[in-house]
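Produce the complete structure using the sequences and hints provided.
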Amino acid sequence: MDKKLKNILMHPTAKGMLLLTPALVALFVFFVIPIFRMFHLSLFDPHFTLKYYIAFFQRPVYIRVMWITVKISLIVTAVCLLVGYPFALILSRAGEKLSKVFLVCIVLSMCISLLVRNFSWIIILQRSGIVDSFLMKVGITHRHVKLLHNLFSVVVGMAEILLPYMILPIFSVLKSIDPNLPKAAQTMGARPVQAFWWVTFPLSLPGVYAGFLLVFIMSLGYFITPALLGGAKEMMISNMIAFQVQTVLNWHFAASLSMILLVATLVFYTIFNKVVGLEKLEDLGV
Amino acid sequence: MEAEAKKLHVIEIVFGIMVSIYLIAPIFVLVPMSFGPARFFSFPPPEFSVEQYVKFFHSGPWWRAIRISFEVAVLASFFATVLGILTSLAMRYKIPAKGFLNAMFISPMIVPLIITAVALYSFLSKFHLVDTVPGLVLAHTILTLPFVIITVSATLKGLDPSLEQAAATLGASPLKVFFKVTLPLIKRGAITGAVFAYMISFDETVVAIFLSSSHAITLPKKMWDSIRFSIEPILPALSTILILFAILMLVLLEVLSKTRK
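Order-wise, the sequence lines are chains X and C. Residues in the first sequence are numbered consecutively from 1, following my numbering. Residues in the second sequence are numbered consecutively from 1001, following my numbering.
Think of the hints as simulated: they come from the structure by calculation, not from any bench. Treat the hints with care, as some may be off.
To be verified - Below, simulated DMTMM-like cross-link-like pairs (lysine to aspartate or glutamate); rule was C-alpha separation at most 20 Å, straight line: (1) C/Lys1098 with X/Glu279; (2) X/Lys97 with C/Glu1164; (3) X/Lys100 with C/Glu1071; (4) X/Lys15 with C/Asp1160; (5) C/Lys1258 with X/Glu279; (6) C/Lys1157 with C/Asp1131; (7) X/Lys97 with C/Glu1254; (8) X/Lys15 with C/Glu1164; (9) C/Lys1126 with X/Glu96; (10) C/Lys1157 with X/Glu279; (11) X/Lys175 with C/Glu1164; (12) C/Lys1007 with X/Glu279.
To be verified - Reference listing, derived: stretches of chain C covered by chain X, where coverage requires no fewer than 3 residues with Cβ under 8 Å from a Cβ of chain X: (13) 1025-1036; (14) 1054-1067; (15) 1098-1111; (16) 1156-1167.
This one's a predicted model, so the numbers in the text were calculated from it and none came from an experiment. Here a beta-carbon is modelled for each residue, glycine too, at the ideal position from N, C-alpha and C.
Right under this line is the structure:
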């Protein structure tokens, strides 16, 4: 009996499962069950009902929140792409020293506390803040400009935080492109701009897809920046969930909103997995 | 530098520098401001003063928040590292539904934080764990676990299994093989993972907003309240200290990745 048990335990699969158990139990109890309870809350009150989902699609307020969430996410992703792609390109071509400086700035920005970064945008953009008083001093405007608690400040703040997630995937793809390819195109008569658009750019598309999807997905569920830098008009779905839980105390509705956000996120991650591969996520953190 | 100037156009260099400044703008604004007066905010500060730092160092509630954040981050990163090492080791064996399990373990990183926060708030309140250090530790362990698994798995990939096999053939017990062979070989991956976990937990805001209210207040939660409801004049000083902390972490991660090679 003892020997039999020992044989079973020495089996590789059994060993693997044994090692897996602690984390699996922790994950199940403190992650899967809580989220499943939210799912349950969204559908039962106390009997099965779809009213919390139907409410979402019927009331204009909630459709507006959904629309704002998608709009802000798209704008932030577009800004990150427009700034991040050229930056990644410069980074990939810069000399050793300069590229090192740029990379340190990227990683350092990722290390700084999120609240510190949001707070600094409040200081920069507030009424009589750095930008406002500069504009008045230079004489571009004679009245205070509203730069904070609107779409502009939310986009500026979110793009600053999410930009590295656009730059790094594009940079890593650009870095892996054989530099002889655009050179070959140029020897065969292509101008540098043509060599870029016909050779380098198409080859860099996997990085663009990865960065685009990553930034878009992270934007969809963003909470801190719209809450601190946005006004009432910039309430995103995450902020609506918090509002339902903390102020309205409507747990069922908060749960249905959470499930809608979760499904949207998972759908886009599935696309990410198909187009880029989930394992690419692992290259980012390290 | 000359070679760089040849390769890149001046406009490109200027653009690169501008984006870099945008990325670390908080440093340029908050550090000078922290040496201004502690009564009002203005940039550039009208006079040099360390008033904010003096106020901060004498503030009991802020130090309490730092202590709680420190406790939570140390405990959470410890648990996440232990669980993460075990899970990464397990993933080397033949396991049913491995792809699914892998996706499951990464999922706390994927699910929007607000959902995790609200779900855990509702779940942990059943066990009176809301607004306690253990509740925060549990939440942060789950949240940081994916990062440890990713870093440790990456190190394990480069590990030669014949080393462990040799030790086992020579008669070492599985535990001995782990502590004498495997662990020293994956040490750097594990430390990097633990540092990541610590940094994430120490800065985690969304879950903390829900899980701490009046008793176990973490530093991000206290900063959040302060920014939202009453901007305290010590915030630039605190931000400067946190920026310094970020630079230290960056150096630490750099040292860790250097010694790996």
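For each hint, the structure was consulted:
no.: 1; hint: C/Lys1098 with X/Glu279; result: holds, 14 Å
no.: 2; hint: X/Lys97 with C/Glu1164; result: violated, 41 Å
no.: 3; hint: X/Lys100 with C/Glu1071; result: violated, 34 Å
no.: 4; hint: X/Lys15 with C/Asp1160; result: holds, 19 Å
no.: 5; hint: C/Lys1258 with X/Glu279; result: violated, 23 Å
no.: 6; hint: C/Lys1157 with C/Asp1131; result: violated, 40 Å
no.: 7; hint: X/Lys97 with C/Glu1254; result: holds, 16 Å
no.: 8; hint: X/Lys15 with C/Glu1164; result: holds, 15 Å
no.: 9; hint: C/Lys1126 with X/Glu96; result: violated, 55 Å
no.: 10; hint: C/Lys1157 with X/Glu279; result: holds, 13 Å
no.: 11; hint: X/Lys175 with C/Glu1164; result: violated, 36 Å
no.: 12; hint: C/Lys1007 with X/Glu279; result: violated, 34 Å
no.: 13; hint: 1025-1036; result: holds (count 6)
no.: 14; hint: 1054-1067; result: violated (count 0)
no.: 15; hint: 1098-1111; result: holds (count 10)
no.: 16; hint: 1156-1167; result: violated (count 0)
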